[in-house]
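These protein sequence lines are chains A and B, in that order. The opening residue of the first sequence carries number 960 in my numbering; numbering runs sequentially from there. The opening residue of the second sequence carries number 960 in my numbering; numbering runs sequentially from there.
Hints are supplied without guarantee of correctness; some may be wrong.
Given that identical chains are not distinguished, each listed pair holds provided it fits within a single copy or across any two copies.
As the list claims (entries may be wrong) - Taking lysine-lysine and the DSS-like style, the derived pairs with C-alpha atoms no more than 27 Å apart in a straight line are:
#	residue 1	residue 2
1	LYS1006	LYS1327
2	LYS1155	LYS1224
3	LYS1039	LYS1327
4	LYS1278	LYS1366
5	LYS1472	LYS1489
Don't read these hints as lab results, they were simulated from the structure.
One-letter residues, chain by chain:
There are 2 protein chains.
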Amino acid sequence: MGEAQVSLKHLFRVFTKPEHKDSKLAQIEQHLSDNILDFLSQHVVTKKTSLEEIEQDFSDAFVPESPEFVSSHAENLLDKLVAHSVNTYSPTFIGHMTSALPYFHLPLAKLLVGLNQNLVKIETSKAFTPLERQVLGMMHNLVYGQEDSWYQQYLHSARHALGAFGSGGTVANITALWVARNKMLGADKGFAGVAKSGLAAAYRHYDINQMGVMCSRRGHYSLSKAVDVLGIGRDNLITLPCPQQTLPPEQALAEGKRYQEEGNKLLALVGIGGTTETGHVDPLDELADVARELGCWFHVDAAWGGATLFSETYRTRLKGIERADSVTIDAHKQMYVPMGAGMVLFKNPEDANSVRHHAQYILRQGSKDLGATTLEGSRNGMAMMVYSSLHIFGRRGYELLIDESIKKARKFADMIEAHPDFELVTAPTLSILTYRVCPPVIQEKLKTADEGEKNQINHKIDVLVVNVQKLQREAGKSFVSRTRLENPDFNSRPITVFRVVMANPLTTEQDLKNILAEQSKIAHARHLWKELEKSESSLTT
Amino acid sequence: MGEAQVSLKHLFRVFTKPEHKDSKLAQIEQHLSDNILDFLSQHVVTKKTSLEEIEQDFSDAFVPESPEFVSSHAENLLDKLVAHSVNTYSPTFIGHMTSALPYFHLPLAKLLVGLNQNLVKIETSKAFTPLERQVLGMMHNLVYGQEDSWYQQYLHSARHALGAFGSGGTVANITALWVARNKMLGADKGFAGVAKSGLAAAYRHYDINQMGVMCSRRGHYSLSKAVDVLGIGRDNLITLPCPQQTLPPEQALAEGKRYQEEGNKLLALVGIGGTTETGHVDPLDELADVARELGCWFHVDAAWGGATLFSETYRTRLKGIERADSVTIDAHKQMYVPMGAGMVLFKNPEDANSVRHHAQYILRQGSKDLGATTLEGSRNGMAMMVYSSLHIFGRRGYELLIDESIKKARKFADMIEAHPDFELVTAPTLSILTYRVCPPVIQEKLKTADEGEKNQINHKIDVLVVNVQKLQREAGKSFVSRTRLENPDFNSRPITVFRVVMANPLTTEQDLKNILAEQSKIAHARHLWKELEKSESSLTT
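In isolation and in its complexed conformation, chain A is listed as follows (with noise of 0.2 Å):
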């Protein structure tokens, strides 16, 4: 089947002549552009399929030895690929951070492999860098909000940076960190600096014990990676609870004193800007001044949050940010920017020096490569699609989006809290939430029972959540994800729950209403319903 010949007529085809206009790779893409979410209604396949079924299409291991035609690969991965993908675009899928498009992304993701520019350096990418360097600015300018003149002094220097792109959240947290730790054991009289002498030495030469990076519970995986990576370890991650969520001003200054005062060094305090669990906000500006007096560097993580700047209605839930030395955005995420474009912004253009590295043939000193601080080497033009959607929304664009989530998130609250079977566990101060299926007399009975009864019901009720939550994903019409947090009224025992992240703007409010519906009626079908349901009796089995 489809077994293309070898020769070099044939491959300098496939690089000279595109497909006709009848193949299958082309009626793809017509679909796609005339009307994406049918094409993916009509090829994602819904019905249960488990992940070890799809496995044996991706099993063979060995290169295939012959070419293949484009077209019968086209009908491989419609059949293979295309059916078993999650379909992101579904209004009902609200349980990640990942949604619809606007469908400029289509020819532009097009344009972007047709120009398959390398960012690293100018000479592969010539007006891409300086576009580049605009859209770190303007993002710079959202969050720290200097004057025109200064961004004219700062925004094209060989010698500075307004931020690094990289390919998300994880990298721009990464580069953070990365650049904060540079910089706190940068050289001094008898030491080279950290990035050239190492870490050990480092702490050797300015006497540190241990050197650790502060935040609460909430923070993302990515900072655990970050001090990993970095040499610093998971364990000086010190994460603080947070019962309400957000980071207490208080008693972060209070560990941090304690930790100092025990002749640790404190790299960084990080505030999140949205958790992903819960999209809390830290109080930022509090944090601000507790760095201060840590006398250590502030980095926000407002990867899924920072968007909100967009909104002058909510801007204000983030206040704070803009005292912060460095913070992380993600394009693709409130941005409704394809998959693929984080961004950490510096306050001060100067401190990415502390990272900055040459090479002979690239990167050259005083050259005005990207790549010279960039933790990525060789990247795409994702910049672009950052590019065409600020412009293409503008602030305005993007605020109305911004503030009908939110409006969408607190309606979405409302629904939970007037049924019956739900109890919301976080209440959405952006546009995520969390909640839980319960039956009635039960969330009565959690109301008086004794400490060791909580324990008892909220594992069933736990066991139950899990239960719907797979059904519902299995049952393939929609998704909300879920996670384990931990709760004030449980003693700070963690109890799992849905999360719903309110990001498609073509979701409607019938769409919740029928995921409610969806999920209790999987819940009443469940044994386990039925045992709590029976109440005290089968709290002790």
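Position chain B relative to chain A; hints supplied.
Leaving out everything else, chain B in the frame of chain A:
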């Protein structure tokens, strides 16, 4: 101009209605689909435009307040961005590893954005997860050639990883050394391991004074970045001289022993499978012996050269790569995949567990989420591009492309040697070569000149080479890159050379002739050429 309405209705349209077929963006798309070379030659401006001029178009650091119509934005993109991009598809752009791409990547790019999967976790990628694992398996097989039963055991195992996919070779190299570091400094009696306790504690526990990584001076700059990020320190990247462009194994062994005898720990030896600057391949088999004798990790950076393994004729040049603990290969280099597709492969599928991490809401224990062992977090589905390319080209298709590039590089080397104005500096072992322009009379003189004279002459030739390279680039018809290489003929002093990467299948012999003719013409018109021709008298000025 082009200010759009700020209304939910308008925004909703951006998400639900494609652009009209006659719109600017649709026209761009159609032109790309019909004839990409024509699109690029029509829109990419070849006349000299200074970077400063281009920066003028990207100098506004403020997010526009109001939305812009897609079509008027598309006009802007053409005028400002596309016009001043680099035509990487051009057959005369032979200075970097970025080249023309096969046509099928254009519609695939659209499909990728249309599906917008996030590969960090199965919940947002589903079939893309097994697909990426299969791609890693196929590349693993290409390098390590294990049997089918072996892959059936590990390919989709939740507790194993055959490699990690990432944005490029830099991320791949950092990941390889991260895994090596965490494995070597792992948990031990009374020590939780470097991942948890950090590098300084690990050095104390294992009684390490310094820890180093060894490679030749041709090692890619990402290795230096990796040891910085990982806390090892740039000064602990031991770069050995390689006058013949490859690392002499006996010297590596001697230096490694000396380093260890001084009480230091050698973390890894890095062999290069195709240096970025000259395309030379280190003697990998011998270096594998050296690494075994020194008891350190053996990493091979084959970001560029790894694809040579597709060729039956040339794969022997990488003999010994199958003995490496980890191997970096970029699909966006010689595999003709769009920018953003790097991979690291691990010989031992258990090794990646040294960096495994978990979170409550994703990457749970026992899940097959790819994000549990990758440096990056959220990532797009670029693995699909590699998957499709492996099928559409097949091993034999790639073999033909690789063989042709090497043949063409040799042909170009012959042309250079036959041309009186040029000196071949490094002949191609794969498909990269370096050379320089130099008046014939001076070429003669250099054979007998004393060291002082050689230095004087070479300094002048360096200036000439830089000028010719810059002027050729600015003329916009063709592009070769340049670098500086230590040269054994000149007492290992570095000289500046042109660098050519034979990557684009569309490059013809005539193109190569024209490039030399253009360089010769530019050089002859230079004052420095004439001065050099005047010979002796000028050499002391």
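Comparing the hints with the structure gives:
no., hint, result
1, LYS1006 with LYS1327, "between (52 Å within a copy, 21 Å between copies)"
2, LYS1155 with LYS1224, "both (20 Å within a copy, 17 Å between copies)"
3, LYS1039 with LYS1327, "between (44 Å within a copy, 19 Å between copies)"
4, LYS1278 with LYS1366, "within (20 Å within a copy, 62 Å between copies)"
5, LYS1472 with LYS1489, "within (23 Å within a copy, 82 Å between copies)"
In summary, the structure agrees with every hint in the numbered list given earlier.
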